[in-house]
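Given these sequences and hints, build the entire structure.
Just so you know, we're using the UniProt record's numbering here: the sequence shown kicks off at 1 and counts up by one.
Treat the hints loosely; a few may be bogus.
[To be verified] With a cut-off of at most 27 Å between alpha-carbon atoms, the simulated DSS-like pairs for lysine-lysine come out as follows:
{"no.": "1", "residue 1": "40", "residue 2": "90"}
{"no.": "2", "residue 1": "90", "residue 2": "73"}
{"no.": "3", "residue 1": "73", "residue 2": "40"}
{"no.": "4", "residue 1": "108", "residue 2": "90"}
{"no.": "5", "residue 1": "73", "residue 2": "102"}
FYI, nobody ran anything at the bench for these hints, they're computed from the structure. Remember, predicted model here, so these are calculated numbers, not experimental data.
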Amino acid sequence: MARVLIVEDSVFQRTILKRIVQQSGHEAVEAASGREGLRKIDELQPDLILLDLLMPDINGFQVLQVLESKHVKTPVVVVTADVQETTRQKCQEHGVVELVNKPVNDEKMFEVLNNHLGSR
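Structural data, given as structure tokens:
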């Protein structure tokens with residue numbers, strides 16, 4: 001069983017992602033802000049991070065910058081409603097392994113989790 005950290009300010013979106021992660025047989029840990037997410041990354045060392053980009057305290061790109069500066073190698077999947085090509089490119093530049101568009105499709109998320117976590 002892998003540990004997946006969900007960094008998302010929307011309770012609704014976190015609930016959906018948590019359900020999908022748990023149905024995939026993995027442990028879901030939630031963070032309601034970028035700052036909380038960074039704390040939990042340090043504390044829990046998750047196997048995968050699901051990261052929103054638009055959050056009120058620090059945004060997803062700022063989280064990615066901190067992870068880069070600390071040389072954190074945990075794979076990050078960005079889950080966002082922002083589908084602009086510039087966003088996609090910026091995510092790639094920051095080492096994001098995959099970008100999933102909101103609203104989240106259950107089948108797509110199951111596929112993403114399986115691709116990045118396998119049978120852990």
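Quick rundown of the hints versus the structure:
As the CA atoms of residue 40 and residue 90 are separated by approximately 24 Å, the hinted pair is consistent with the 27 Å bound. Taking the CA atoms of residue 90 and residue 73, the gap is near 18 Å; set against the 27 Å cutoff, the hint holds. For the hint linking residue 73 to residue 40, the alpha-carbon distance of about 15 Å falls within 27 Å, and the restraint holds. For the suggested pair residue 108 and residue 90, the alpha carbons sit about 22 Å apart, so the restraint of at most 27 Å is met.
Simply put, residue 73 and residue 102 have alpha-carbon atoms about 25 Å apart, close enough for the 27 Å limit, and the pair holds.
Hint violations for this structure: none, all hints satisfied.
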